[in-house]
Amino acid sequence: MAPKRKAFFLDRDGVINIDHGYVCEPESFEFAPGVFEACKMISQQGYDIIVVTNQAGIGRGYYTEEQFAALTKWMCEQFSQHGVAITDVRFCPHHATHGQGEYLKDCDFRKPNPGMINAAATEHQIDLASSVMIGDKMSDIQAGQSAGINQLYRVDSHYESDGVASGYQRCSSLFDAVKHFFAG
Numbered sequence: 203m204a205p206k207r208k209a210f211f212l213d214r215d216g217v218i219n220i221d222h223g224y225v226c227e228p229e230s231f232e233f234a235p236g237v238f239e240a241c242k243m244i245s246q247q248g249y250d251i252i253v254v255t256n257q258a259g260i261g262r263g264y265y266t267e268e269q270f271a272a273l274t275k276w277m278c279e280q281f282s283q284h285g286v287a288i289t290d291v292r293f294c295p296h297h298a299t300h301g302q303g304e305y306l307k308d309c310d311f312r313k314p315n316p317g318m319i320n321a322a323a324t325e326h327q328i329d330l331a332s333s334v335m336i337g338d339k340m341s342d343i344q345a346g347q348s349a350g351i352n353q354l355y356r357v358d359s360h361y362e363s364d365g366v367a368s369g370y371q372r373c374s375s376l377f378d379a380v381k382h383f384f385a386g
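Using my numbering, read the sequence shown as starting at 203 and increasing by one per residue.
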């Protein structure tokens, strides 16, 4: 049996890009400072990069799954141009109270639930105990904890009181979290 891989699970909005609220096109997608350098360090240390992102904007009818897919393709191309491969991008379009039609549901994949992380770990044979979760909301931290990830980082954001969790490190950015992790 091949040894399991390890990964950095990254939230998108607020970690990879500046959270401008319901970003759905390249023109409004602003990469966070240091994101490419941080992801290069992650890759050079042998970790996969897996993006796990709630996308309630789809469920709310603000944009479509096709628009999200086009933006994701563009984002991954930008990483590729900087020498970084994104292993996978997982998303949940559902919302338990604000979703419309088929998107109105409480879903195991919507963070703080660990469904996206667990599904990606199974597909890519990721050892969650050796992996890292970086998010900007408590729901990201809670999802990582529920999945069995021990290394948890929360990027400072305007989401200061969106849940309760402990056992994580606070940091100013993805770059700061990655530097801290590899220095430790």
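It is possible that some hints are incorrect.
[Unchecked claim] Straight-line distance between alpha carbons at most 20 Å, and here's what the computed DMTMM-like set of lysine to aspartate or glutamate pairs gives:
id	residue 1	residue 2
1	K381	E267
2	K242	E232
3	K275	D290
4	K208	E267
5	K206	E325
6	K381	E229
7	K275	D329
8	K208	D329
9	K275	E304
10	K206	D329
11	K206	D358
12	K242	D290
13	K208	D290
14	K242	E227
15	K206	D250
16	K242	E267
17	K307	E267
18	K208	E268
19	K275	E229
20	K206	E279
21	K208	E232
22	K275	D308
23	K208	D358
The hints are simulated quantities; they were obtained by calculation from the structure and are not laboratory data.
Each hint, compared with the structure:
no.	hint	verdict
1	K381 x E267	violated (34 Å)
2	K242 x E232	holds (18 Å)
3	K275 x D290	holds (11 Å)
4	K208 x E267	violated (28 Å)
5	K206 x E325	holds (11 Å)
6	K381 x E229	violated (29 Å)
7	K275 x D329	violated (26 Å)
8	K208 x D329	holds (5 Å)
9	K275 x E304	violated (24 Å)
10	K206 x D329	holds (5 Å)
11	K206 x D358	violated (31 Å)
12	K242 x D290	holds (16 Å)
13	K208 x D290	holds (13 Å)
14	K242 x E227	violated (24 Å)
15	K206 x D250	holds (11 Å)
16	K242 x E267	violated (28 Å)
17	K307 x E267	holds (16 Å)
18	K208 x E268	violated (30 Å)
19	K275 x E229	holds (14 Å)
20	K206 x E279	violated (27 Å)
21	K208 x E232	violated (27 Å)
22	K275 x D308	violated (27 Å)
23	K208 x D358	violated (24 Å)
Checked against the numbered hints listed earlier, the structure breaks hints 1, 4, 6, 7, 9, 11, 14, 16, 18, 20, 21, 22 and 23; every other hint is satisfied.
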